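Participant: Protein chains in written order, with the working numbering: chain A, 401 to 747; chain B, 5 to 295.
Hint data in this document are derived by calculation from the structure and do not stem from the laboratory.
Remember, it's a predicted structure, so these values are computed and weren't measured experimentally.
Any given hint could be a false lead.
Said to hold, decoys possible - Keeping only pairs whose Cα atoms sit at most 27 Å apart, straight-line, the calculated DSS-like set for lysine-lysine is:
(1) K405/A x K733/A
(2) K89/B x K718/A
(3) K740/A x K718/A
(4) K122/B x K62/B
(5) K532/A x K122/B
(6) K738/A x K718/A
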Amino acid sequence: MSSIKTIYHNLLAKWHTLTGHKLFWPVFMAAGLAFCIAVDTFDFVDLYLQLILIYVGINIILTVSLNLINGYMGEFSVGHAGFMAVGAYVASLLTVHVCPAGAQNLFFPLAILTGGIVAALVGFLVAIPSFKTRGDYLAIVTLAFCMIVKSVLENIDAVGGPRGLLGMEKLTTLPWVFFWTALSVWVIRNLVYSNFGRGVLSIREDEIASDLMSVNTRQVKIIAFIVSSFFAGIAGGLFAHALQFINPRMFDILKSTDILIMVYLGGIGSISGSIIGAVIYTILLEVLRPIGIWRMVLMPLMLVLLMIYRPRGIMGMKEARMFTPLRDLVTEKLWRQKKKEATDATP
Amino acid sequence: MAYIFQQALNALQLGSIYALIALGYTMVYGILTMINFAHGDLFMVGAFFCFLIAVYLKLSFVPTLLLSMLGVACLGVVIERFAYKPLRNAPRVSAIITALGVGLFLENFTLALSPYPKHIPPLLGNITWTIGSLSVSSLQIIVIVLSLCLMLILDFIVQHTKAGMAMRAISWDKTIVPLMGVSVNRIISLTFAIGTGLGGAAGVMYGLAYPVIDPYMGIMVGWKAFICAVVGGIGNVRGAMIGGFILGAVEIMVAAFFPSTYRDFVAFTLLLILLIVRPYGILGKPQPQKV
Chain A
401 MSSIKTIYHN LLAKWHTLTG HKLFWPVFMA AGLAFCIAVD TFDFVDLYLQ
451 LILIYVGINI ILTVSLNLIN GYMGEFSVGH AGFMAVGAYV ASLLTVHVCP
501 AGAQNLFFPL AILTGGIVAA LVGFLVAIPS FKTRGDYLAI VTLAFCMIVK
551 SVLENIDAVG GPRGLLGMEK LTTLPWVFFW TALSVWVIRN LVYSNFGRGV
601 LSIREDEIAS DLMSVNTRQV KIIAFIVSSF FAGIAGGLFA HALQFINPRM
651 FDILKSTDIL IMVYLGGIGS ISGSIIGAVI YTILLEVLRP IGIWRMVLMP
701 LMLVLLMIYR PRGIMGMKEA RMFTPLRDLV TEKLWRQKKK EATDATP
Chain B
5 MAYIFQQALN ALQLGSIYAL IALGYTMVYG ILTMINFAHG DLFMVGAFFC
55 FLIAVYLKLS FVPTLLLSML GVACLGVVIE RFAYKPLRNA PRVSAIITAL
105 GVGLFLENFT LALSPYPKHI PPLLGNITWT IGSLSVSSLQ IIVIVLSLCL
155 MLILDFIVQH TKAGMAMRAI SWDKTIVPLM GVSVNRIISL TFAIGTGLGG
205 AAGVMYGLAY PVIDPYMGIM VGWKAFICAV VGGIGNVRGA MIGGFILGAV
255 EIMVAAFFPS TYRDFVAFTL LLILLIVRPY GILGKPQPQK V
């Protein structure tokens, strides 16, 4: 038993030195991008597997962006699917109706970006009620928002109403998904460890105290909602062009619940947790496909068990070392040392 | 004029069902400060129990209603015991996620067992009286009167019995109550039994009023009932009743005067406006945050 433990610790130490190397991230990014482009051009991976990889990427974007609000800011937002719907519809309408024929590959990133920006504007509107309402009541505001989006989309005949929208070409390719996933993880990770991110964390711990410590809570909330909804809109656009068909029912409360499950499965307040949660959930659902509907019975059951035995999720407020800035690691080490000295000093 | 009365009657019918479900949310919230998101699905299970009992045991209306209520209440207590109790001291969010998980489990389990929508046989003869241009069916009257009776019984239990006093005391202060010799676990189980039992009764009545049932019917109704509970002020039993009737009235009136697809849109927009004006609900008290 102890030998397994030492092997584990050795491996972990090796992993830490590997990820701590200053060339790790550039090399990892370049390798990932090169792999994605290679898969896209030479098509040596099964198409089904490619689609799963695309879904994994989209789910990572969704999970990481929701984690900013639910995990780091400590609010309970259940309207993430609404932002996704906004992004998906805006991007799809642009590529289907506005885009000149033949230029779709060039136009696609612009459409996705526009979808994200419109979703961010909507996120700004949702952030306003969050000044006064908190907790369960904010959950309802976001829930109502999600349902309003769905209901509005169902009533606009120009976007297909309840029948949905189709005619998108399959423009979502693996390199683009990789690019947007990496961008969202990078932006949110840097945001969380910036000065602004401390403000977000302080709102989670105690809003009044952070207000008294001169954190501009309103501004922080607005920015957090805008960033989160921007990436949800991006994910929506990618999703629409991967599936080539969207209808309002895809973005209802069940979709939001899916994203919530991924966030809490991986662990709140942790970028690595979000990635792990999204990957595990997406892949497990695909692996369990042979047992049909029973996988949808099994998944919630696993979630309940996980919550009972590990209420904070897999990572649970902890961050993998590869995502933590060096400064934080050093500070934590010093703090541990001091604490140890203090406990040693007192008999 | 008769049209408005007709719609008002429909609104009462829908509102009483919403109110019954909202009561379950609000009771559990009042006592555990936890939102039981599985409640909408327990309502669905109630409708399915009704179907099973009516089709396979061939019982008449009253035993069907009582047995369904009993079954759902037992299920609620079991869920509380095994899924929520271990999490009583955990962060609140994990309890909410667990509730969402339990809800999904109930939906998909029912879906796996019965993939097709079911049709509840008519348990009661339906007589329609016509007064002028107003038509009143006995079914509507039964649904409204029965739910009002259940609500009155509940109000009596909460306000005038010893168990109800314990419930109110627990929602007031959880640390002192056990010192007064109240078994908190028993009261929580009782609350769950009553709350989910009412949800089961609502399921049976919903099944009578709109006889086609499917495993996903609880989601939308559940969330709407949750909205009712919030509109009335969550944790407040009388508020939940008022909220239920308000939402029922709004939905029916929108469907009566606009295209019915605008129903959800108007209902949720009204909710947003109400929450901005009165963020703590109609009967809820504003809770100043202590520093």
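Participant: Confirm or reject each hint.
Facilitator: Going through the hints against the structure:
With a C-alpha separation of about 22 Å, the suggested pair K405/A and K733/A falls inside the 27 Å cut-off, and the hint holds. This hinted pair checks out: K89/B and K718/A have alpha carbons roughly 26 Å apart, not beyond 27 Å. A distance of roughly 20 Å separates the Cα atoms of K740/A and K718/A; the hinted pair therefore holds under the 27 Å criterion. A hinted pair counts as satisfied when its Cα atoms are at most 27 Å apart, and K122/B with K62/B qualifies at roughly 16 Å.
Distance check on the hinted pair: K532/A and K122/B sit about 44 Å apart at the alpha-carbon level, beyond 27 Å; violated. At most 27 Å may separate the alpha-carbon atoms for a hinted pair to count; K738/A and K718/A meet this at roughly 21 Å.
Hint compliance for this structure: hint 5 is the single one not met.
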